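Enquirer: Produce the entire structure from the sequences given, and follow the hints as far as they go.
There are 4 protein chains.
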Amino acid sequence: MAPAGAKKGILERLDAGEVVIGDGGFVIALEKRGYVKAGPWTPEAAAEHPEAVRQLHREFLRAGSNVMQTFTFYASDDKLENRGHTQRFTGEQINEAACDLAREVANEGDALVAGGVSQTPTYLSCKSEEEVKAIFKKQTDVFVKKNVDFLIAEYFEHVEEAEWAVQVLKSTGKPVAATLCIGPEGDLNGVSPGECAVRLVKAGAQIVGINCHFDPETCVKTVKLMKEGVEKAGLKAHYMSQPLGFHTPDCNRQGFIDLPEFPFALEPRILTRWDMQKYAREAYNAGIRFIGGCCGFEPYHVRALAEELSPERGFLPAGSEKHDSWGSGLTLHTKPWVRARARRDFWETLKPASGRPFCPSMSKPDDWGITKGHADLMQQKEPTSKEQLNALFEKATHNA
Amino acid sequence: MAPAGAKKGILERLDAGEVVIGDGGFVIALEKRGYVKAGPWTPEAAAEHPEAVRQLHREFLRAGSNVMQTFTFYASDDKLENRGHTQRFTGEQINEAACDLAREVANEGDALVAGGVSQTPTYLSCKSEEEVKAIFKKQTDVFVKKNVDFLIAEYFEHVEEAEWAVQVLKSTGKPVAATLCIGPEGDLNGVSPGECAVRLVKAGAQIVGINCHFDPETCVKTVKLMKEGVEKAGLKAHYMSQPLGFHTPDCNRQGFIDLPEFPFALEPRILTRWDMQKYAREAYNAGIRFIGGCCGFEPYHVRALAEELSPERGFLPAGSEKHDSWGSGLTLHTKPWVRARARRDFWETLKPASGRPFCPSMSKPDDWGITKGHADLMQQKEPTSKEQLNALFEKATHNA
Amino acid sequence: MAPAGAKKGILERLDAGEVVIGDGGFVIALEKRGYVKAGPWTPEAAAEHPEAVRQLHREFLRAGSNVMQTFTFYASDDKLENRGHTQRFTGEQINEAACDLAREVANEGDALVAGGVSQTPTYLSCKSEEEVKAIFKKQTDVFVKKNVDFLIAEYFEHVEEAEWAVQVLKSTGKPVAATLCIGPEGDLNGVSPGECAVRLVKAGAQIVGINCHFDPETCVKTVKLMKEGVEKAGLKAHYMSQPLGFHTPDCNRQGFIDLPEFPFALEPRILTRWDMQKYAREAYNAGIRFIGGCCGFEPYHVRALAEELSPERGFLPAGSEKHDSWGSGLTLHTKPWVRARARRDFWETLKPASGRPFCPSMSKPDDWGITKGHADLMQQKEPTSKEQLNALFEKATHNA
Amino acid sequence: MAPAGAKKGILERLDAGEVVIGDGGFVIALEKRGYVKAGPWTPEAAAEHPEAVRQLHREFLRAGSNVMQTFTFYASDDKLENRGHTQRFTGEQINEAACDLAREVANEGDALVAGGVSQTPTYLSCKSEEEVKAIFKKQTDVFVKKNVDFLIAEYFEHVEEAEWAVQVLKSTGKPVAATLCIGPEGDLNGVSPGECAVRLVKAGAQIVGINCHFDPETCVKTVKLMKEGVEKAGLKAHYMSQPLGFHTPDCNRQGFIDLPEFPFALEPRILTRWDMQKYAREAYNAGIRFIGGCCGFEPYHVRALAEELSPERGFLPAGSEKHDSWGSGLTLHTKPWVRARARRDFWETLKPASGRPFCPSMSKPDDWGITKGHADLMQQKEPTSKEQLNALFEKATHNA
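As given, the protein sequences belong to chains A, B, C and D, one line each in that order. Per my numbering, residue 1 is the first one in the first sequence, and the count goes up by one each step. Per my numbering, residue 1 is the first one in the second sequence, and the count goes up by one each step. Per my numbering, residue 1 is the first one in the third sequence, and the count goes up by one each step. Per my numbering, residue 1 is the first one in the fourth sequence, and the count goes up by one each step.
Treat the hints with caution; some may be incorrect.
Same chains, same names: a pair is fine if it fits in one copy or spans any two.
In silico DSS-like links for lysine-lysine, alpha-carbon gap of 25 Å or less [unchecked claim]:
#, residue 1, residue 2
1, K236, K174
2, K386, K278
3, K395, K170
4, K7, K170
5, K364, K221
6, K372, K174
7, K146, K127
8, K351, K227
9, K146, K335
10, K174, K335
11, K335, K386
12, K364, K202
13, K381, K146
14, K232, K138
15, K236, K381
16, K170, K137
17, K127, K364
18, K221, K174
19, K278, K395
20, K395, K351
21, K351, K364
22, K202, K395
No wet-lab data here; the hints were simulated from the structure. Keep in mind the model is a prediction, meaning the values are calculated, not measured.
Expert: As structure tokens, then:
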């Protein structure tokens, strides 16, 4: 599986017009497997339960991922210490362990290692550019020491903070990708996707795009707006998308975080493999060549991307040994009516039922209308107090 | 974690009134992870990809499972060779590898190993009792050699075949559990759940119940009918339920196999952890004490069972280190409106949206009306031919 | 349209194997038109606003109805004076006016006049057989005086009260039909549909069946059970069904009254004309020959029944001058894509969307578990007091 | 109810800040009652079945309508003779009869008569301004002869044609209102709502707004855009909205005509009376003072508008004698759990179920992408031929 000789870098691949398949979502998948706590969403499992993280990396590799992202999401010290969260490991230990795991599995196949940083409580609490950049610098130092192949600034709601991150990452000399978690309406300050993309490219990102917060349909639409902006500005970039594995037609500007189902009742929104094939095709047609996923993307979702684009790429992923195209593995089923489902037109047109007749198909997202700078968004090291919590409960009831 | 000294056996636990938490579903979970092929659904991964199977066992153990079922579902030679399915491993190799993996992980905690057999193509093809029992015997010999703690005959649609299985398992002297994959309407020959249970107890099963094919609500209802039957007959038994992790209000007698969403579009039906807590409570209230899951049950679903019943059991599973009760981990979230969801009444009353406004909430199951003995149900070693397949496609279109 | 000479009676028609088309629902239709108050549901409009009642009769006649039911539902004195309801008209005035209107319109076409009585608050309040029968007698006297063509005892939840009604009606010498508003589970005392039907036939009803409370699918199913009961008892009867024009898959034993949508939010449940054609066919196939509707049936719904059964009957209703079969009037539409809908397979297979993505597809019915004899069901002449109402609100909130 | 002395004119009322309640939809209501054919949607019932049209006028008057629109929708000669449609009456006869009926009922209460013209097949077939205006002139001559109180140009998809209509109507010296059937995206040529409104005001309309094609929420939103446009242009106008009585969240630019449910399966989309109260309040808050309805608005919907705005207007409509505020008439119901629904918070928060678990909540509208000038949109006097129809069926199947 692994190629003889040195691997081609991320920019070499994209410059050559290759499709690069990203990986899926770690925090949601590992939460379900028992290794990540919803709420803080921090990646201490890299140090605490390396076998679980390694296994998930392997599954994504087997599914066709060309990129092993270090499991360092929210692994900045300010986040690790937020709201009474206590850790047995330092940020440095977690970041180092995550790099080692990603490299170990990347070496088992044709994958690159990408070190990642994401938005910080420090920025949300209105600290200075220097303070925020110092946070990114600390993680980046580990990525340089561990010699990752390239860097990703991902999951930013404010393009300003993303620019700062790109500037820090860029100083390493490694290729830099940058993705925002915004939709077609733009970042939380109202900067349009096109303008965001231009600013990221100018800050030094060679690859720009969208990750998390919205479903594939919305993300592809938003990346298209970014591409239009970059091209209109006479600039050049590669494009990537790593959307949610959840349907979010009912989201407002802030994405799935605001849906009442987040994070413990998102199940009915999970995409099928067929939804994923549709996404891969649409992303490809939109000119996106770095195509992966974020929260909700399980290994079989990534495999579906690789399978849909196998005609363009010329090969199937290792994991397809256990998955025949468009359900044709069902020809081996014992029941004849299930064998009768072994065909593309059946799965492509099926409108899957929820099995939940007492539930609606869309929700009203929370819409508290508060943004960076609001007292409720200031971060604190102490746990949320009972009084704070009661005040929130009251507010929630009032808003409902 | 692991107890000092020898573990209590399954009957000792149940006789003492303890709650035994079962494990979740292997074939569906490993299909999504890339190690099982939908269609044949055979467990060769035990021999081929042991690290993946070991990891899933570990996750269930961490979630609170007291039973590691050997990953030997459909590992009978007649099934392994069905319809052109080719294997690099013999049935014996797979069964042995599965026993070793289950034992290895069981030793890491307070879990027992259960060897399992399930329904056979041989029975469906109307072969004799001797031929069917020979199939079970072959698997059972491995379980005896590997010294599993107890045995489960599971996933039977016809009580007659389950009785034969129980008789073979019983001959080993080990405790025997037996579960059918039927609903309140009874087995595929129309034998009522109560009568089925009586026959299984009389055949030698000490634990009887239901697994797979229906959602928790339906399974608990069916086990209640079994319990009523057993008690009315003046017999005694322990009861178990291992339902689907999917909502199936629209199923007919044959269960989720007949839903058009099976097996590649079941996502919107996946139960939330809160659905699981409800199930655990209802099962407990119905007098069921061996409470686990089947297809669709992920580790976090099993953890939800253990958390719901922690007041009765007096402890939480290891995996709860990453999961605070009823969403209270959300007090650590950065957004105040998400912190406002850190309360039981929010999650207990939420009706989760599907995010799929173009989809219905229920489906019409296939209903071909053919049963054991029909030509289309006869098994064959050769692959399903193109002609056979086209005939099925036509039939499906006609029935739709 | 109107036949020369005297009309054939209801029994002559049914004995000859003719299909008799009933009318639709008056109280719901006239509530929407502004002439009936939801709550009391009494028919004083017959005296107060005769032009509105006459017009609705005409629309049903034009739609194909062969029966003009007098608008005398709940026109018993005990109901007219219930809970502070005040009337400008006596029960006698209302009943007489209703007979005159029905006769006037019946004379315009091939329709018979049927006088109707329905269940009484007196029975619900546990009064004696004599008292209840006296109520029916008072209405029946008007029907005799006005010489209606036949009589219907309809909308009974307890077969016992229906038997009493049939006995009173029977004493007039006119043909008697009797319909209960029950489902397959039987009447509110748990008497099965088959047993109910036998008792009604024995009491003297020549036509038995079901009206109101459940959707067509459920009603046809229940009438089938009645027919089985009658045939098993070696008796003979004609069968009728007058179901709701609302989908009620989520009802329990008491029917649509218990749905939270009753009576002011039933709109999304209204049947289409295509649903009605399906109902007419299924009723016909079940051996039902008196086929009409109840609450929710608008004139176009009745027309759909007459159109579906026009091959059997040999003619179309007058109203079909404005309705071509299976949407073919759309060939005259200005937009080509609407003209493309002028075909049966389009309408027959369409699954109509609700346009309500924030709403579920099913509701949980109220289930207070109280029956005849409970204090809350005792009727009173005084208005419901504020204290009584608050007690009910609390109970409702508690049950939710 | 009717005022002594002459009535105030429409502009006097609006200038005085009064709320004017419009009427509801005639073609859909009369189609269901059996007097209008779906497809041509022409109003020959005014001459053919005057009693049915009169009754509907009366119901709207009783519900609170201050405007009796003449039932002259699509009563232009080019439409009456379209696609093989044959009439027993001339356009003139229909228009005259409609004026007489509207005046007769208006005289029974405080209502004005409005003569209405709407878009023409002639325009769609690319005929000249003179030809189109001649069509309008012919209808307008009748309105002048019958001395209606004011004129409405309604149901225009192209602002250009609406301007022509306004110019013709304006020449009579009577007050002129103009409504387009467009959404927030603008007319079918892409002219924005704001620009459309400015052009209509400049053409002479004193009242501008939206009717038909979209649900209340969308219409109010669009009228807001019109108002912004008019105010930005430094002009003045009164505003009106007469939306659908159907939920249409899934519509594209052309409105409900493009939904597959149009016109024979719109039932699940019908608004409740509570939806209507919400609409009335939102329209009022948006500065709209002529508030009515179009297709799908039944009398009880109009009554709900009048009830919601009764605090502002100081009185209730006559029809409220049969409707107590917010369900309080249910205090007279015999069942206690129904009496428990006699409260505003119950109805205001209820999410009504569709009772259709096999149906989706939204549909994909047709989107043929053809506009004025396309061959398929050219009108013809001959019936749609079988060949034309088959070509359309193929196209529809292909697009699906």
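Enquirer: First find the shortest C-alpha distance between K335 and K386 inside one copy, then the shortest across copies, and answer within, between, both or neither for a cut-off of 25 Å.
Expert: Close across copies (16 Å), not inside one copy (56 Å); limit 25 Å.
Enquirer: Should K278 paired with K395 be assigned to within, between, both, or neither, using CA atoms and 25 Å as the limit?
Expert: Intra 40 Å, inter 24 Å, cutoff 25 Å: inter-copy only.
Enquirer: 25 Å Cα cut-off: does K395 pair with K351 within a copy, between copies, both or neither?
Expert: Between copies only: 20 Å across chains, 38 Å inside a chain, cut-off 25 Å.
Enquirer: Under a CA distance limit of 25 Å, which applies to K236 and K174: within one copy, between copies, both, or neither?
Expert: Within one copy only: 18 Å inside, 61 Å across.
Enquirer: Given a CA cutoff of 25 Å, do K364 and K221 count as a within-copy pair, a between-copy pair, both, or neither?
Expert: Answer is both: 22 Å inside a copy and 19 Å across each meet the 25 Å cutoff.
Enquirer: Tell me, please, which holds for K202 and K395 at an alpha-carbon limit of 25 Å: within, between, both or neither?
Expert: neither (41 Å within a copy, 48 Å between copies)
Enquirer: Quick one: K146 to K335, C-alpha cut-off 25 Å, is that within a copy, between copies, both, or neither?
Expert: Neither. Shortest intra-copy (52 Å) and inter-copy (33 Å) distances fail the 25 Å Cα cut-off.
Enquirer: Is it within a copy, between copies, both, or neither that the alpha carbon of K7 lies no farther than 25 Å from that of K170?
Expert: within (21 Å within a copy, 57 Å between copies)
Enquirer: Please work out whether the CA atoms of K170 and K137 approach to 25 Å or closer within one copy, between two copies, in both situations, or in neither?
Expert: within (11 Å within a copy, 65 Å between copies)
Enquirer: What label fits K174 with K335 when the C-alpha limit is 25 Å: within, between, both, or neither?
Expert: This pair counts as neither: shortest intra-copy Cα distance 54 Å, inter-copy 33 Å.
Enquirer: Pop the pair K372 and K174 into one bin, within, between, both or neither, using alpha-carbon distances up to 25 Å.
Expert: Cα proximity of K372 and K174: none, with 31 Å in one copy and 56 Å across.
Enquirer: Within, between, both or neither: how does the pair K221, K174 come out at a Cα-Cα threshold of 25 Å?
Expert: neither (28 Å within a copy, 50 Å between copies)
Hints 2, 3, 6, 7, 8, 9, 10, 12, 13, 14, 15, 17, 18, 22 from the list above are not met by this structure, while the remaining hints are.
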